[in-house]
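As given, the protein sequences belong to chains B and S, one line each in that order. For the first sequence, position 43 matches number 43 in our numbering, and the numbering has no gaps at all. For the second sequence, position 94 matches number 1094 in our numbering, and the numbering has no gaps at all.
The hints are simulated quantities; they were obtained by calculation from the structure and are not laboratory data. Just so you know, even glycine gets a beta-carbon here, dropped at the ideal spot from N, CA and C. One thing to keep in mind: the hints can contain errors.
What the hints assert, rightly or not - Reference listing, derived: stretches of chain S covered by chain B, where coverage requires no fewer than 3 residues with Cβ under 8 Å from a Cβ of chain B:
1) 1037-1048
2) 1068-1077
Claimed, not checked - Here are the simulated BS3-like pairs of lysine-lysine, each with C-alpha atoms no more than 25 Å apart in a straight line:
3) B:108 to S:1120
4) S:1036 to B:108
5) B:112 to S:1036
6) S:1036 to S:1120
7) S:1095 to B:114
8) S:1120 to B:112
9) B:114 to S:1036
Stated by the list, open to error - One-sided excerpt, in silico: chain B residues whose CB lies under 8 Å from chain S:
10) 15
11) 65
12) 69
13) 88
14) 92
15) 98
16) 99
17) 100
18) 102
19) 103
20) 104
21) 107
22) 110
23) 111
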Amino acid sequence: MVEYTMRLDPLSSTLFALADPTRRGLLARLANGDATVTDLAMPYDMSLAAISKHLKVLESAGLISRGRDAQWRPCHLEAGPLLEVFEWLESYQRFWDRSLDSLAEHLKVMQKRKPKKP
Amino acid sequence: MTATIDISSMDEPVIVITRIFDAPRELVWTAITDPKHVALWYGGPGFTNPVCEMDLRPGGAWHHVMQAPNGMQFTINSVFEEIVAPQRLVWRTIKDPNRNPAPPTSVNTITLEERGAQTKWTLVARFDSITERDVTARMGFAQMISMGLERMAEHLKTL
């Protein structure tokens, strides 16, 4: 996998981080409490290095933080960015929900104006 | 309405929204592409659209200002990419420099399918996570966002 260095706005960073099922799984595990890289890697058929790469992406997106103890650096879920993206997703869905309701009403009005085709 | 945010083997984060309208396709097409009509429903009840200018051709601009019931205004600027009447409309939103954090930009595709006397409206919003000018290559994404995340969100709110 080729890696690129990118600077993304926070919401896009979060979306990118969430776009991978392994990363979503790691977040789900951390939602239940802090864990070390070894703990996190256990359910996966993947090297520690590969898991670490995923954790780096999550850390760049501010979704997790790492403890400073050199011996064990537990990963900790940072809920803030996730809540932001969910709030944005919710508002996006609500926008379309409302708009499409209005569009449906507007279509009725448009049809009342037009005589129906035989 | 159905709004699905599903896992699939796509490369980028995508949201899919569908709705069936009790109207013929040509009418729905007019309602979504004629700015005189768009201004009357966009945003939903209580919202107005003081500016709605749509230059309906590839490369044409869609300059839009939506006003919420509380008076707050939102500027949304887009560029049309594809127009195939009466079935397909593609536009790309442009990053708003005045908002921080700005909403993510996306390429949006609306397709209209005839279903007898009804029309199926489908929006596929593909989010472009590459927003910085110094990025020179696109990076692929693994999957779309899963609805399973909603349960995680509920759990997170309790933390």
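Status of the hints after comparison with the structure:
| no. | hint | verdict |
| --- | --- | --- |
| 1 | 1037-1048 | holds (count 8) |
| 2 | 1068-1077 | violated (count 0) |
| 3 | B:108 to S:1120 | holds (16 Å) |
| 4 | S:1036 to B:108 | holds (16 Å) |
| 5 | B:112 to S:1036 | holds (17 Å) |
| 6 | S:1036 to S:1120 | holds (22 Å) |
| 7 | S:1095 to B:114 | violated (39 Å) |
| 8 | S:1120 to B:112 | holds (20 Å) |
| 9 | B:114 to S:1036 | holds (16 Å) |
| 10 | 15 | holds (5 Å) |
| 11 | 65 | violated (14 Å) |
| 12 | 69 | violated (22 Å) |
| 13 | 88 | holds (7 Å) |
| 14 | 92 | holds (7 Å) |
| 15 | 98 | holds (3 Å) |
| 16 | 99 | holds (5 Å) |
| 17 | 100 | holds (5 Å) |
| 18 | 102 | holds (4 Å) |
| 19 | 103 | holds (4 Å) |
| 20 | 104 | holds (6 Å) |
| 21 | 107 | holds (4 Å) |
| 22 | 110 | holds (6 Å) |
| 23 | 111 | holds (6 Å) |
Violation of the numbered hints given earlier is confined to hints 2, 7, 11, 12; the remaining hints are satisfied by the structure.
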